[in-house]
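As a plain string of letters, each chain reads:
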Amino acid sequence: MIDAFFIARHSFQEQLRGRFFLVAVLFGGLLLYMSLLLGTLAADQELRALLDFGLSAAELLATASAVFAVSSGLLRDMETKTLYLVLSRPVRRPAYLFGRWLGINAAAFCAALLMVLLHLLLLLSKGWVWEPAYAGAVCGILLKVALTSSLAALLAMVSTSTLSGLLMTAVFWTLGHFTLEMRQLLEREAWRAKLIGFTVYLVPNLGLLNFRDQWGAGSREMLAFAAGYTALYAAACLTMTAWLFRKKEF
Amino acid sequence: MPEQDESPLLFDNVTKTYVRSHLGRKKYSRGVRGLHLNIEQGEIFGLLGLNGQGKTTTLKLSLGLLEPTAGTVRVFGQDPFEPAARAQLGYLPELPYFYPHLSPREALGFYARLSKVPRKSLRRRIDDALADVGLLAAADRRASEFSKGMLQRLGLAQAMLHRPKLYVLDEPVSGLDPLAVHDIRNMLAKLNTQGATILLASHSISEVERLCRRVGILVEGRLARILTSADWAKDGLEKLFIETVMPEVPLP
Amino acid sequence: MKAEQEEPLPPDVSWKKALLFSAGFVFVAAINAVSWRIAPGTLVPLKLFASAQTAVQDVSLSVCGMRRLAADIAFVEFLLYYGTPELAEQEHEEAEEPHMHGEGGVYPELLARGRRILSLDPHFDYAALYIGGALAFNQGRTDEALMFLEEARAREPGNWRFVAYIAAVGFNKTGSMESVLQALAPALADRDCPSMIKNIAAFMNVRLGRYDEAGRLYQQLLDSRDESYRASAKRVLARLSLRRTQPKSMRGSR
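Residue numbers (the numbering used here), protein chains in the order written: chain A, 1 to 250; chain B, 1 to 252; chain C, 1 to 254.
Note that these hints are calculated values from the structure, not bench results.
Keep in mind that a hint or two might mislead.
Stated by the list, open to error - The list that follows gives simulated cross-link-like pairs (lysine-lysine, DSS-like), each with its CA atoms no further than 30 Å apart:
no., chain 1, residue 1, chain 2, residue 2
1, B, K190, B, K234
2, A, K81, C, K47
3, A, K81, B, K190
4, B, K165, B, K120
5, A, K194, C, K47
6, B, K190, B, K116
7, A, K248, A, K81
8, B, K148, B, K116
9, B, K165, B, K116
10, B, K165, A, K81
11, B, K190, B, K239
12, C, K16, B, K26
13, B, K190, A, K247
14, B, K239, A, K81
Bound conformation, chain A alone (with noise of 0.2 Å):
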């Protein structure tokens, strides 16, 4: 496992020095700056709407950061060879897919935390009094970023370009957000909506980790609860894509 530690350095210090990160960061900053005018439309609610964008824009990015990197960065190993330098080492196959995803993740984290660092400032010079609610909004959006990239891996394994990994991705991401309205298609009559519906047993219960939309109606237990989850769904993504990479021929 020290392979896939110092694999993962490599990977973090590579997404800190990418430009798709700085990007990312950037234009985190730049919504941020931008919500305040949703707050003054807001009135009353300022606060509330500059929570909302503020979180909002920090989890779009974080995921869109790890998940992107995680698509294109074994296919551009492969492409360049820079993958052969690593296995043709005493590494072992799982150990380097780990160790990139925990780095591209790491990365995600702290590009989500400066914003949230940014955004916290924010709030706190608006008047903002700290809700702890806060805290496991926080600690969901981590949580998504680390599910849905686990899944970007297994599906980019499974895919035959970078784009088609991203799109499947995306397909599942939002899907995660609707398993209550497929849940009510599974309870529907017609054979149609029950196949539509079935996918929901797949696609992974983001709406479990939506602390930010359950404000306020999460607790410890409930935010151990969705950390099993991750834990678990990601296992399994991890698991399948490492077992697919071990069989890859390159």
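With chain A fixed as given, assemble chains B and C onto it according to the hints.
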């Protein structure tokens, strides 16, 4: 730990067939067939062949990047798919590419850690490797600024870091100027005098002639012929190569 | 090049792959099923109200897991539709109704917009109370207000604010301002009470001659994040303090 008398690299009746699935239908293509080859300790063995004849497949089989369809590959008596086997070999791919955000020192540091180079000797090993390939002065520049020759040298440096007993080199002098070719050749000779075994695949017959003691010629995935330096001493390796790969071509 | 028949072919691992994915899917399905049962969550399935354009907007944000943000934007759109700039106090006093937002005063989409916001975020209490209050006290659409507030209360049965508002709306129907104010009293003390409701209550107190109570409410409105309410409160407080310094004979009927 492998025994001292284990062959550095052994291909025992190895076949590799590629399969591509498309809409449920499978297409097979030949990699290598019935390859039987034993690289001896301390030798430099050259692998020649036209494009698509199985040279790269052979190298990848020795690195565990590919699994044989039949037969066995052994690196110092171990399956190359096992990490312990790969700890003893150093690989230089054709046209090595390094992460553009890293300097050579950083890149070598990363690879050295993966090769289990002890932390205490890390810096010294990196400096030694860079000095051996003539890149010490450029150690802190970005790899993205390097010329092709410099990248090739850096590629050799990363292969040497952990002082492997077996080197697997894919086109080590491809596209280099004569001076760079000369330097690489000298480095390889030096490694060999220090006891390393080298397997190199190349299109450059002249280089193979100068460096190698034995040469294998691949034709359509089969090891058609193995020649020794005594075989080509009289007529030259090129003539023997053409005779082997294209027997219908009349030679002057 | 096709491999010859006598040469070994790569083993077929597709069944292994299928087995792996099946096991993975079963595992994932199991943990999903458990998660629905143990943590059903507080959101409800999305219902689409208002126009096709808003439906696209709401769905687009919902699929990104941003229903609260979608509700915020819907509320901003509501405020732009309904209009927050208050009429001048003079116009206030001369107006037959306590408030006339914008022009004409007819807002047919008020209820639909309110339902849209609550569908996106069932716990957006502020919006629910604001819109319920607007329907009842500004628009005089008491039945719609009661229906809307009852729907909101059904989503949050334990929320006492909705009970207070429903009672106040009921009393408003009878025309008893004192009863309305009594019912609203605990809600007015709430930190998240909409400025509009405080403004209405302050105005009612002025109508009833309870200037001290009105002044207290207008003082609170000075801290509102809505600039129009702050300006309005400042103007009224100036008039109220002028009134206190005037002799009784010079004070108007109100």
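Hint check results:
no.: 1; hint: B:K190 x B:K234; result: holds (26 Å)
no.: 2; hint: A:K81 x C:K47; result: violated (50 Å)
no.: 3; hint: A:K81 x B:K190; result: holds (27 Å)
no.: 4; hint: B:K165 x B:K120; result: holds (21 Å)
no.: 5; hint: A:K194 x C:K47; result: holds (19 Å)
no.: 6; hint: B:K190 x B:K116; result: holds (24 Å)
no.: 7; hint: A:K248 x A:K81; result: holds (14 Å)
no.: 8; hint: B:K148 x B:K116; result: holds (28 Å)
no.: 9; hint: B:K165 x B:K116; result: holds (15 Å)
no.: 10; hint: B:K165 x A:K81; result: holds (23 Å)
no.: 11; hint: B:K190 x B:K239; result: holds (28 Å)
no.: 12; hint: C:K16 x B:K26; result: holds (17 Å)
no.: 13; hint: B:K190 x A:K247; result: violated (37 Å)
no.: 14; hint: B:K239 x A:K81; result: violated (34 Å)
Against the hints set out earlier in the document, violations occur for numbers 2, 13, 14.
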